[in-house]
Every structure is written in structure tokens, then in C-alpha cells.
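Undergrad: Respectively, the protein sequence lines represent chains L and B. Quick note: the first sequence uses the numbering used here, first residue 1, plus one each step. Quick note: the second sequence uses the numbering used here, first residue 810, plus one each step.
Since the hints were made in silico from the structure, they are not lab data. No residue lacks a Cβ here, since even glycine has one placed at the ideal position from N, Cα and C. Certain hints may be false.
[Claimed, not checked] Below are the DSS-like pairs computed for lysine-lysine, each with C-alpha atoms no more than 30 Å apart in a straight line:
1. 790(L) x 943(B)
2. 943(B) x 503(L)
3. 835(B) x 619(L)
4. 443(L) x 838(B)
5. 610(L) x 1037(B)
6. 940(B) x 503(L)
7. 610(L) x 835(B)
8. 869(B) x 728(L)
9. 943(B) x 668(L)
10. 451(L) x 838(B)
11. 1037(B) x 456(L)
12. 158(L) x 531(L)
13. 838(B) x 728(L)
[Stated by the list, open to error] Residues of chain B clear of chain L, computed beta-carbon distances all greater than 10 Å:
14. 835
15. 864
16. 866
17. 869
18. 892
19. 919
20. 922
21. 945
22. 956
23. 965
24. 969
25. 990
26. 1013
27. 1070
[As the list claims (entries may be wrong)] Restraint ranges, calculated between C-beta atoms of paired labels, are given here:
28. 1087(B) x 572(L): 23 to 29 Å
29. 1020(B) x 316(L): 46 to 52 Å
30. 996(B) x 743(L): 39 to 45 Å
31. 309(L) x 868(B): 38 to 44 Å
32. 1083(B) x 344(L): 49 to 55 Å
33. 1044(B) x 375(L): 58 to 64 Å
34. 829(B) x 344(L): 41 to 47 Å
35. 1003(B) x 309(L): 23 to 29 Å
36. 988(B) x 303(L): 46 to 52 Å
37. 894(B) x 663(L): 42 to 48 Å
38. 309(L) x 1020(B): 41 to 47 Å
39. 572(L) x 875(B): 49 to 55 Å
40. 572(L) x 988(B): 40 to 46 Å
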Amino acid sequence: MERKKPQTKLFKTMDATKRVILRIALLLALVLTNEIASATNTNTNTNAASGNILKGNVIDAETGEPLIGATVVDQTTKQGTVTDINGDFAVTVPSGVRTLVISYLGYETQEFIYALRGENDRNVEIQLHPIAENLHEVLVSTTRKGANLMSNEMGMQKLESKTIKAIPVLMGETDVIKVIQLMPGVQPASEGSTGYSVRGGNPDQNLVLLDGATIYNAGHILGFFSVFNNDAVNDVKLYKGDMPASMGGRLASVLDVEMRCGDNRKFHGEGGIGLISSRLTLEGPIHKGTTSFLVSGRRTYFDLFLPLSGQESVRKSDLHFYDLNGKITHVFNQRNRLFFSSYMGKDVMAMTSASMEFSNKALSLRYSHLFNDVSYVNITALAVKNGYLLETSQDEATTAFWESNINDYGLKIDMTHAYETCKLDYGISSTYHKFEPGTAEGKGEHALIGKFEMPKNYALENAAYINCSNEISERLKIRYGVRFSSSHNMGRTTVFSYDENYKVCDSTEYGKNKVYKSYFGVEPRFSAALKVNEATSVKASYSRAYQYMQQASCSTSGSPMDIWFMSSPNVKPQRVDQFSLGWFHNFHNDDIELSVEGFYKEMRNTIDFKDHPQIQLNKFLEGELRFGSSRAYGIETMAKFNFGNLNGWVNYTLSRADRRIIGVNNDKRYLSPYNHSHDCNVVANYSLGRRCSFSANWVFTSGAPTTYPVARYEVGNTVLPFYSDRNKDQFPHYHRLDLSFTLANKKNPTRKWNGEWVFSIYNVYSHHNTWAVQFARQEDDNHVATQEVKAEKVYLFPIIPSVSYNFKF
Amino acid sequence: MKNIIIATLATLALTSCTEDMDLNLKSAKQRLVVDGHLYDVVTPENYVRLTMSAEYFSNKEPEPVSMARVSVSDGVKETVFEEDTERKGYYIAPEGFRALNDCIYTLTITDVDADADGVSDLFTAQSYMPKAAKADSISCYYDRIQELYGIRFYSYEDTSEANYYMFGFSLCDSLVTDTYMELAVQSDEWFTTDYCWGATVYMFNEDYVNRPIHNGDKLTMHAYSINKEFYDYFLAMQDIYSGGNPMFSSAPANAQGNISGGALGIFTTMVSVDLSCQIEGGPQ
Chain L
1 MERKKPQTKL
11 FKTMDATKRV
21 ILRIALLLAL
31 VLTNEIASAT
41 NTNTNTNAAS
51 GNILKGNVID
61 AETGEPLIGA
71 TVVDQTTKQG
81 TVTDINGDFA
91 VTVPSGVRTL
101 VISYLGYETQ
111 EFIYALRGEN
121 DRNVEIQLHP
131 IAENLHEVLV
141 STTRKGANLM
151 SNEMGMQKLE
161 SKTIKAIPVL
171 MGETDVIKVI
181 QLMPGVQPAS
191 EGSTGYSVRG
201 GNPDQNLVLL
211 DGATIYNAGH
221 ILGFFSVFNN
231 DAVNDVKLYK
241 GDMPASMGGR
251 LASVLDVEMR
261 CGDNRKFHGE
271 GGIGLISSRL
281 TLEGPIHKGT
291 TSFLVSGRRT
301 YFDLFLPLSG
311 QESVRKSDLH
321 FYDLNGKITH
331 VFNQRNRLFF
341 SSYMGKDVMA
351 MTSASMEFSN
361 KALSLRYSHL
371 FNDVSYVNIT
381 ALAVKNGYLL
391 ETSQDEATTA
401 FWESNINDYG
411 LKIDMTHAYE
421 TCKLDYGISS
431 TYHKFEPGTA
441 EGKGEHALIG
451 KFEMPKNYAL
461 ENAAYINCSN
471 EISERLKIRY
481 GVRFSSSHNM
491 GRTTVFSYDE
501 NYKVCDSTEY
511 GKNKVYKSYF
521 GVEPRFSAAL
531 KVNEATSVKA
541 SYSRAYQYMQ
551 QASCSTSGSP
561 MDIWFMSSPN
571 VKPQRVDQFS
581 LGWFHNFHND
591 DIELSVEGFY
601 KEMRNTIDFK
611 DHPQIQLNKF
621 LEGELRFGSS
631 RAYGIETMAK
641 FNFGNLNGWV
651 NYTLSRADRR
661 IIGVNNDKRY
671 LSPYNHSHDC
681 NVVANYSLGR
691 RCSFSANWVF
701 TSGAPTTYPV
711 ARYEVGNTVL
721 PFYSDRNKDQ
731 FPHYHRLDLS
741 FTLANKKNPT
751 RKWNGEWVFS
761 IYNVYSHHNT
771 WAVQFARQED
781 DNHVATQEVK
791 AEKVYLFPII
801 PSVSYNFKF
Chain B
810 MKNIIIATLA
820 TLALTSCTED
830 MDLNLKSAKQ
840 RLVVDGHLYD
850 VVTPENYVRL
860 TMSAEYFSNK
870 EPEPVSMARV
880 SVSDGVKETV
890 FEEDTERKGY
900 YIAPEGFRAL
910 NDCIYTLTIT
920 DVDADADGVS
930 DLFTAQSYMP
940 KAAKADSISC
950 YYDRIQELYG
960 IRFYSYEDTS
970 EANYYMFGFS
980 LCDSLVTDTY
990 MELAVQSDEW
1000 FTTDYCWGAT
1010 VYMFNEDYVN
1020 RPIHNGDKLT
1030 MHAYSINKEF
1040 YDYFLAMQDI
1050 YSGGNPMFSS
1060 APANAQGNIS
1070 GGALGIFTTM
1080 VSVDLSCQIE
1090 GGPQ
């Protein structure tokens, strides 16, 4: 409760009235926290009176990496808990000699026998050994068998690095986001794209975090490969509906990617050589047992072959990207830890007349402190920079560069009290955004372009939350919480006003740090899980979220040149209310987990763009926006199976997403461009022994909505289409089959170098999936355009075989 | 510059393949299409062309609309355009007609029953004729790396207000850019100097002009000052033509013209200037 000070500090820039309102809201949250904490403390004390608190830390025996979400259960009482983000746990247990069972997916389950006689008399470190044949893992984990029934995080999917590696992907490039796209309700924005839509939402409605830092552009090479180097990834969680109150700022989902900590016991490395890129990860102790490092790099190398070209223009071109991840972890003692993560990645594309660079940088510093057996705090400082630099060099007059950046500086404080039947989280966060939407400047004496600068924007985005997960009984678990969020536009900047025809009618200058517009949101979150019987549960959830940042994009697949912008006097924040209801049933000794989840989302202040918007370097961008409402609803079914050698999942989603925007499509309702009525994914992994495994996935998605012409007309000797209503037509359905085969070295404990070959085929039956439909005017034999127009399907990827070699040493 | 960037991105994007596709498109009711141009000079021709829209895959010349009454007015004087006896649907300005700078012209079309309901319909449109451009000269160069000829444009700039330009060219007096989609447009909203020192506005090669190119050939650039309305219409047309590429195009939508009464197309006025030079620096 001593947290009042930082909250006051964070909101000092608001105007007085808004500050009072927010303080009242925060006070309410703190009172609530006190009430709940008092109630739960009473519970805990009662339990503790008859037992002891055992606390400890679960780590990977080989790497020293903390294992997040490992299950710790007392064998007799069946009471248990899961480890937190640091691998820590605290569990109340009776006195005497007992057995604790610790399990984690992909690791050998361990029984830990202990004897306790007094309170808090034991602090243990438990080491789990990875299962040698990691091919037997369940691909999408829910921590332990049967845990899915009573988890009250609806719509949450967790993936581990090993899981991601097992799934065949494009050109052999292991990709976190491509695997996420195989989950129910998640679809790629277009073929091969790392942009994705969750439950019909826009790609910019997904928050992507790497160790807590926002990644604004998660794609390389115009979005075909994601920025996540799987070798540096520990685990991945996707919240697509009922996101915890600690998370927010986007309407559709949060993708939370956690980087690995380095091994603090011994030095080792791993890497791989593929058709597109090679990668190398090194990790080890800086100070044995307390400080570790991890460095992971990846770089493409097709640019190395360009100098071999016979064409000078190709020889002078460049095309590559790289990623560099780093992490330093320091354990002061069992109570205090420090984590420093960094990421930087860049795309470079250059031709003789132009060059482009797209870059992401993210830094996070997290300090974790354990106050006592049940309470800990995480304090995180964040810095993010995302941007691009373009340069043309055609002639003296038009040689110019064009730069755009977004910078974030943030601070988060997250407090947790983990009691036996209640887990209480609360915290605050504040992020300062600096937007530099675009500056173009000519170069040289005869430059035609001087300096053209879009007005910079500044904003502060704040949040405070409280969340409680309560186990009411063995059959009923509930989670309730609320998030208070706000955004504040700040000077120095120029704000334009628009008339009813979206034309600029006025402009206002605001001085440095002047808060000229604030928005506040109250976001209640609730979920409940009720166990109907040992094999069946039902769950329900409701959540509200606000989104204060959005992306201006004039493409459906997304491009790295898309611009992020804040809510403002002209743009209200988007809001979603989402309701979910689910039925969960396990068969065959929990080897098959079946779930059916229905959802309904109602969104306000939805943003779309007028026809033919001008987005790049447009000072009057807000005049290109149109506003309205949208909705999405559907049913997601999923069956996960794990029969030892054979595991995987099958899912099917039936859904619809549409919107009504004033000023678009004659104000009539139309389908979202990301509406896919039917979506089906089948993923299977079969172990053929200790060295070989075989994986397959099949994807079917009904065609994306599009708009086709219904007539033609001619102006200026040019045949133009006349279009129907927006998104009234549909692309052909999408489907493909991918296969992969992994062959590992013979296991030999004395060998220091272990390698494996991965052979994969993307789109095995070479189905020409429609990426775009274009209407091409035909030419006669003399290459003169005729009146004849033909429809042409554009497809990107026919059958693509690939091979890669992975190694560890 | 935006166009250069987008073209470069498109080139660098992964190679894609195309194949013919059978599509059963819906059809819409026929509409009148207006294609009208007025210049401040006698040549190019001042005309208004009237046709009807057709089914998208009709693959035929558009059906001309004859016997209409077409007139333009500068607010003072109304001029009637007569239908060309040899080219149906073309309504030609009287001999010697040229539009005046800094004027608003109104187009009126009557005696057309576009919706076939037996009643004559009225269509109108207005267009602002920009002030005269201050084009200076052009030069030609050859880029040996890209193996392309380039045309550089020199002009005086009025930076106090936004100006919009359209460019086309002829080679040896033969018009190369004879359709809208071969023309280029440029706004000077980024320009900050009062003289344009040779901005490259066109690049081409023999394949593009469909004929051999020799040093000494006459190159004529047709530079037009256009109004904002036509500039926006032109950008929408470019967007439509780059349409279908999910990476670089927005949702397909119609180009919004300025004709009332539900007709398609555009009526526009523009200042025309021709500048010539000789091809030089070529590979021969």
C-alpha cells in the first residue's frame, strides 16, 4: 500500500480535474487491494497454522534457466501451485515427511522428499532434467495434464521454444508467429505474412512484447519472416480474449515473448545453417552460479550472392536482415534478481536509385525482489525505438532521405501476493511515446526538397490495475480485476481541426509538455472456471479494453512503412467489450483435451480509412480517417492430443467480423478484410524413435473478403473498373500441407557436438493460393494494349523444399 | 519520391507468379461516362467524350453516346461542343477555342437518357483552370547502370501555394504516353526552392517506347499544370492500377469523379506546355 507515491508521480502532467478523477479511481483500487489482501491474509494464516510454507526455485538442470509455470504439488494433499516468472514458488504444506511432485512439460517429473517442522524453514532449489527424446512433447502445453480444465485464462495459448522448432515452416525458418497462426481464431493477414488477425481484429490490435518491451514491427523482409530468433526464445504466450488486467493497450490480443536467460553454470552454444539465414547462440556464466549471459544472432546471406550477378544494378544492390538478442541475468541472492534484455534488428534493402533500412531496438531492465514467502515485486524499465530510413539518389534535384521513428520510454511496477487459494496482482505502468511520423529532406546544392517535417507527437500512456485469482472451492475458480488506463497528448505539436467534410479548417499550436487532450478508461476483467466433473469444466469471461495507439496502413498485409499514431482530439480511443463462454472436456486419461469456446466482441470508435487514402508524409492524416463500430463473433473448437509418440492438435473456427464506418461503403455494414468464416488447422508430430521425428500441418481458411469490379468504363484511353460494395466478394479458399522430417545424431553423452538435419517441404501439393487478384489488360502481337481484360491470380509460394542443419555444443 | 520507394519495395518483394483465373463477376446498371479535357491551347484537342459503362469482361470498345447537347461555360460565355462526325461520342470545341487561366469552367450535358427511363437526364461538372506553369527546359541523360533514359525537368516554382503537375512525352513527334496510366503526376508540396534543378520525371527504354532510340532523336515533354481535384483522381486511378497487391494498395474502391447525376469519369482543365531536347548519351 506504500505505492501511492509512484502513482502520484506518474500522473503529474495531467490537468487538475482529470488528476483528481484518476486519483479517486486509484484510491478505489488501493482500497480494494487492502480489502482483498486482508481477506486472503486471514485465509493464509489459517492454513499456515496447520502447516509450513515451503518456498523454492525450479530450474533447468542443464542450463540453470528458471522454469516458468512448472507444477509443484504435494503428493498427499494434492495441494499445489505453479512457478512464477522467476521459477519461484511458495506452497503451504503440513509438517512431517512429505513428497512434492514437480513437473514441467518436456522435463522429467521429479519427486522431492522433504521434512518440515517449523514455518518458513526451507528454501529449496529443484533441478529438472530435460527429457532426452524431446519429440514426445505435447506441442501446445497447458503446463500439465488436466490443468486446462481449471485454468481460468480463457483463450490463452502457451508455446515453448522446442514446440516451435518442431513445426515445419517456410524455407526452414523457424518462426514463432507462423506457429501462433496455427492456433484457433488466429489467421495471417495474408500468405506468408507475420502480420496476423486475432478473432477478426486488425493486425495493429495485437500487442507484441519481447521481455515486456513493445515490438512495433514484428516482421523482416516486408513481413515474410518474424523478428523472433527462436534460439533466444524461452516461451510464448498468446492472450486472445481474456487478457489479464496487467495487460492492455490493444483490443485483440497480447503476444508475450519471453527471452531465455543464459546458463549460469557452464558455457555452451547452439545454432543452425539454413537456406535463408544462419544463427548462433552463445551462453554461459559470467560469474558461476550468479551471473549469466546469452547472446544470439541471426543473419541472412542472400546479399552475399548478389556480387556474382552479371548485371551491375544487381551487383550494387543489397538485401539482408539481422537480429541480435542479448540477455544478462544476475542473481544477487534468493530474494533479488536482475535481468537485462536487449534486442536489435535491421532490414537493409538497397538498389542503385534507392535504399531502405527498417530497424527495431528494445531494451528492458527488470529487477525482481521477493519480500517474503508469498509476495514479490517486479520493477521494469523499458526503452524501444522503431523506425525506417529511406534514401533516393536519382539526381541532384530529387536526392533526399526520409525518416520515421517511434520511441517509447516506460516503467512498470508489478506486485504479486501468491496465497494458497488466492493470487493478487496489482501494479502501475507508464509509457512516454515520442512519434516522429516523417521527415523528408533533400540533399545537395540543387535539392528541390528542403525539409518537409510532419508534426512530431508526444503522449503519455498510463495504467493501474488490480487482479485477483481466487480458488473459491475445488470446483470453482474465479478471476476478477480492473484496469484503469489513460492517454494524454502532449506538446510541442500542431493539431489540426477538421470540418464535417474532413477538410482542415483550423490549427492550434501547443507548447512543450502541455497536455492538450486526455482520455480515461475503466477496464473490468472477469473470468470463472467451474469443474462440472473430473473430466469436464465450463468457463466464462468478460473483458473490456481500450486502445490508444493505432496504425495507419493502406495495405491489408501490413508494411514496415505503416505509421503509428495516438488518439487525439480528432481520434477517440477504440474500445472492445468481449464475452466468452467455453466448454472443456478431457478424454482418455487426459490424453485428449477438447475445448469449445464461443466469443462475441463489440467494438466502438473503430478506425478505417477513406477510399484511396494518402497516408505517407501527410500532415493531415487524421482527415483520411473514418470512424464507426465493429463486431466479431464465432466458435473455436480445439482438440489436443498426446499419445506419446503421436501428438498435436486439430482446431476449427467458425466466425464473422464486420464493421460499419461512416463515410465508407455508403455507410453500409461490410465485412472486415480479416474475416475468414472457416478456419481449420491440423498439426501432428510423430516420433519414429530416438533420432527421428516427422511433423505435418495442414491449413484450410476460407477466402479473404475482397472487392471485384462489376462494370468497366474508359477515361483517358484507360479502362477503369467500377467496383461493387466493399468486401462483397471473396478470394478462393486457402489450403496447404507442410511436412518436415528431423534426423538427429546418435545420442552419445561423451560427444560435445550434437547436430540434427531438418528437411521440410512447404506447400507439399503446390496449391496456388491466391495472394492477390489483378485485372490485366491484354496486349496484341505488337505489344499494343487491347480492350481485353483478364483476371489473374497472383500466388507467392508453390512447393518449397528446404533443408537446415541445427547444432549444439 | 513516394512512387520510387513503392516501386522499389515492389521490386524487392519476393518473386510472385500469376495464372489466369475464371471469375464470374456480378454486373451493375449502365452509367454515363464523361471524359472531358480543356486546355489553354488549341493543341492538344479540347473535347468531351461521352460513352456508356459496360460489363467488366465485355472486352469491347465503349459504346459512344451520340446526339447529346454538350456545353462549357466560363461564367461569362457558354460554348457549345459539337459531336465529331467521324468519331461518335466525341464532342469537339469550336475552332480556336482555348480555356482561360485561373477560371472555373462548368460543363453541362443534356439530351442524354442514361438510365433508359425515357426522360432526358442532366449532368454537370465544374473544374478550375490553374494558373500558367513556369516550365523552363528539359534535358535527357542515360543511366548506364539501370540502362534507362531519363528526362530531367527544370522549372520556376511558386512555393507560396501547392501546385500539381502531370507529365507525358513524345519521341520523334510520336506520342508515347497516350493513356492516363502512362502519364506521371507530381505535387510540389515538398518543394522549398524557387527553381527546380532537373528533377527526373520519367525513365524509359526501347521496350517502353516500342521503337529504337538514337542519339539526336527529338524528345518532347508535355508538361501540364493540373488542379488538385484531377491530381487526387489521378492518384486514385494509380491506386486502382496497383490494386490487388495486398502489400501496397488499400481496399479497392472507385475513383471519385466530379460529374453530378451518377455519371462516371471526370471533367478537367489544365495548362499545357511542350518542351523539347535531343536524346544524348545513349549507348550507341
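Undergrad: A separate judgement is required for each hint: does it hold in the structure or not?
TA: To see whether the hints hold, each was checked on the structure:
no., hint, verdict
1, 790(L) x 943(B), "violated (42 Å)"
2, 943(B) x 503(L), "holds (29 Å)"
3, 835(B) x 619(L), "violated (39 Å)"
4, 443(L) x 838(B), "violated (52 Å)"
5, 610(L) x 1037(B), "holds (17 Å)"
6, 940(B) x 503(L), "holds (23 Å)"
7, 610(L) x 835(B), "holds (24 Å)"
8, 869(B) x 728(L), "holds (26 Å)"
9, 943(B) x 668(L), "violated (46 Å)"
10, 451(L) x 838(B), "violated (49 Å)"
11, 1037(B) x 456(L), "holds (26 Å)"
12, 158(L) x 531(L), "holds (22 Å)"
13, 838(B) x 728(L), "holds (17 Å)"
14, 835, "violated (5 Å)"
15, 864, "violated (6 Å)"
16, 866, "violated (7 Å)"
17, 869, "violated (6 Å)"
18, 892, "holds (17 Å)"
19, 919, "holds (20 Å)"
20, 922, "holds (18 Å)"
21, 945, "holds (12 Å)"
22, 956, "violated (8 Å)"
23, 965, "holds (12 Å)"
24, 969, "holds (14 Å)"
25, 990, "violated (5 Å)"
26, 1013, "holds (14 Å)"
27, 1070, "holds (15 Å)"
28, 1087(B) x 572(L): 23 to 29 Å, "violated (59 Å)"
29, 1020(B) x 316(L): 46 to 52 Å, "violated (29 Å)"
30, 996(B) x 743(L): 39 to 45 Å, "violated (59 Å)"
31, 309(L) x 868(B): 38 to 44 Å, "holds (40 Å)"
32, 1083(B) x 344(L): 49 to 55 Å, "holds (53 Å)"
33, 1044(B) x 375(L): 58 to 64 Å, "holds (59 Å)"
34, 829(B) x 344(L): 41 to 47 Å, "holds (45 Å)"
35, 1003(B) x 309(L): 23 to 29 Å, "violated (43 Å)"
36, 988(B) x 303(L): 46 to 52 Å, "violated (38 Å)"
37, 894(B) x 663(L): 42 to 48 Å, "holds (45 Å)"
38, 309(L) x 1020(B): 41 to 47 Å, "violated (29 Å)"
39, 572(L) x 875(B): 49 to 55 Å, "holds (53 Å)"
40, 572(L) x 988(B): 40 to 46 Å, "holds (43 Å)"
Checked against the numbered hints given earlier, this structure breaks hints 1, 3, 4, 9, 10, 14, 15, 16, 17, 22, 25, 28, 29, 30, 35, 36, 38; the rest are met.
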